[in-house]
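A.B. asks: Protein sequences appear in the order of chains B and E.
Take the position in the first sequence, starting the count at 1, then add 117; the result is the number in the numbering used here.
Take the position in the second sequence, starting the count at 1, then add 117; the result is the number in the numbering used here.
FYI, nobody ran anything at the bench for these hints, they're computed from the structure.
If you're wondering where the values come from, they're calculated on a predicted model, not measured in any experiment.
Be aware that a few hints might be false.
Pairs of lysine-lysine, DSSO-like flavour, derived with a Cα cap of 30 Å [as the list claims (entries may be wrong)]: (1) Lys221(E) x Lys471(B); (2) Lys471(E) x Lys221(B); (3) Lys264(E) x Lys471(B); (4) Lys318(B) x Lys471(B); (5) Lys157(E) x Lys221(E).
These are the residues of each chain, in order.
Number of protein chains: 2
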Amino acid sequence: MNYPWPEPGTPLHQVATPMPVINEDRLSANIARAQAYCDKNGKHFRPHIKTHKIASVARQQVEAGAVGLNCQKVTEAEVFADAGFDDILITYNILGSVKLARLKALNARVAKLAVVADSDVTVAGLAATFDTDRPLTVLVECDSGAKRCGVQTPEAAVALAESIAAAPGLRFGGIMTYPAIGGAEQVEAFMTRTMALLSEKGIECPVRSSGGSPDLFAAHLVPSATEHRAGTYVYNDRSMVRAGHCTADDLAMHVLATVVSRPAPDRAVLDCGSKALTSDLLGFSDYGTIDGFDGARIVSLSEEHAVVDLTDCATPFREIGEMVRIVPNHTCVVTNLFDRMVFHRDGVVTRVEKVDARGTVW
Amino acid sequence: MNYPWPEPGTPLHQVATPMPVINEDRLSANIARAQAYCDKNGKHFRPHIKTHKIASVARQQVEAGAVGLNCQKVTEAEVFADAGFDDILITYNILGSVKLARLKALNARVAKLAVVADSDVTVAGLAATFDTDRPLTVLVECDSGAKRCGVQTPEAAVALAESIAAAPGLRFGGIMTYPAIGGAEQVEAFMTRTMALLSEKGIECPVRSSGGSPDLFAAHLVPSATEHRAGTYVYNDRSMVRAGHCTADDLAMHVLATVVSRPAPDRAVLDCGSKALTSDLLGFSDYGTIDGFDGARIVSLSEEHAVVDLTDCATPFREIGEMVRIVPNHTCVVTNLFDRMVFHRDGVVTRVEKVDARGTVW
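So that you can see chain B by itself, here it is in the shape it has in the complex (with noise of 0.2 Å):
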């Protein structure tokens, strides 16, 4: 895309808009803090990428001290490979003779690569692509309570995990969960429960992988976990602060909008729309919030307009051509609609990054 991507030094007030800019003041003391967290803990620390998908802050994110990375998929994986990563863990049933090939290359590769399996249909899968010259690690995905993937019993992980070690090409690498919110008791009981089956079947069980950025500060509350996951917490939105695990002085990233229409008293039209703040409400009722102006509300999204209800907003709002700060609702879907991300310190660009792994969905 030819666009005229500002220089470091510009100030932010003469970006062109929509851009979302990370603050990267926040962005360091975010890493900082779940890392020294973790260390607390005695946890290791497994950031998921998908939040900022750009390799130098997945860098900035190992030099603190996380063990690997987290990615979902194969290309995602591929991409941060690329960039020298050496342990990686893909937290998706891989399928299909195109994607184990390329996990295949991918393995041949990387130092430490693993990923999850909840299904017998996986393992088999998985089994026939792998020998014993460049073994692949699986870890079992149990369901704790999120209700997405994941095998619903202990009985079922370690059934699997059998399956998995009689696999010549495969090793058992431990379990995996990606709880519901709050869920750290369920967690806990589905690990040891697992742990105590698997122990009575003489296997081992190195790695206990937990996850969610929700969770974060509560990953003390799952003793059995080696290890846990995180992504949205390297920038945090809307979301995170709603559910308590950050304030608003933690919010790295903001999407700035310049006002593009007044059409009538009670409204403004701002020039991102769901091609820049996508439309994830994630339980809220409206689009994100727009930094001084309470009670002005987004209430709907076209692909190019925010129409904003200034209705209950004493504040009087931007003129036309103005411009404002939102903090949107969840900030790892904002990331994959832009080429390049902006970066800045105290309102002056420090950088501008390619978002390595815009669109990886395969």
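Fit chain E to the known structure of chain B by using the hints.
C.D. replies: Below, chain E alone, put in the same frame as chain B:
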């Protein structure tokens, strides 16, 4: 993105998912039907490129008889100018020095370029940028009931038209509206009143442009309009079927996805999350329909997973590793997530086109 895009001749069941695919025959039929309707009713037809964002599809639309293209942002128009299109209407208030400079450069190389304005601020910026050497055509955007942008009354439209006509570098081109669904009467009333007032002032109003796919086949109910703009009609989606614009047989886009988990009898998980379908609900309570599985509801999306509730699905659902075909709620936003788009005829890939204007939000 290093993805194995399928070669022409590949059967769709071999395509790695998630992947939106376009049915060539339905695409051609949708283009032909809309053009025939507009021809029959004496309207110019101006397709909005937002839905496909692909130069070769725009070429099909123009070859069928479209008068020109409709874009929303300057960078979007640049992409289609680069591809040789010479009649482009940008239905947006263009503001700020960066975009105005780019708009001026664009006007120097596009034979027929026009923009819209709904405020004195927008007109002042345009007037200060353009001169008599290469004037810019400006239409007044009118709010005929959709409550997005647009002047609120015919009187305000005329006042703005006078400002445009008085600027040496601008030419008043007419009026434009984006109506609420089913708003033909309101559009016609706004247009006739504005035209009468302009006529009293001796101001010509050559173009009266209305728009929207839901209202496309009701364009004859707005006799005053000279042209109609529509985007979604070219692929169609679940919302267009609901609006009565088309039937399921006119759906040109489907999203192919694979079952990656069957964790419980009432639940399946697909590999298409919000990074493939987007979270656009458009008033629905779920995220698309799954062809052939009535009652299967996509109840939640995370970035890479779709959770399907099978409680009310009487048909035995697909097993892990098998493919399904989804009708998305909103096709335009799906297009914006993919670097390339796969086309097929009778389930065999015909071509893979770059999504030329993906990510153009400026």
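A.B. asks: Look at each hint and say if it fits the structure.
C.D. replies: Taking the hints in turn, this is what the structure says about them:
no., hint, in the structure
1, Lys221(E) x Lys471(B), "28 Å, holds"
2, Lys471(E) x Lys221(B), "28 Å, holds"
3, Lys264(E) x Lys471(B), "37 Å, violated"
4, Lys318(B) x Lys471(B), "48 Å, violated"
5, Lys157(E) x Lys221(E), "36 Å, violated"
Checked against the numbered hints given earlier, this structure breaks hints 3, 4, 5; the rest are met.
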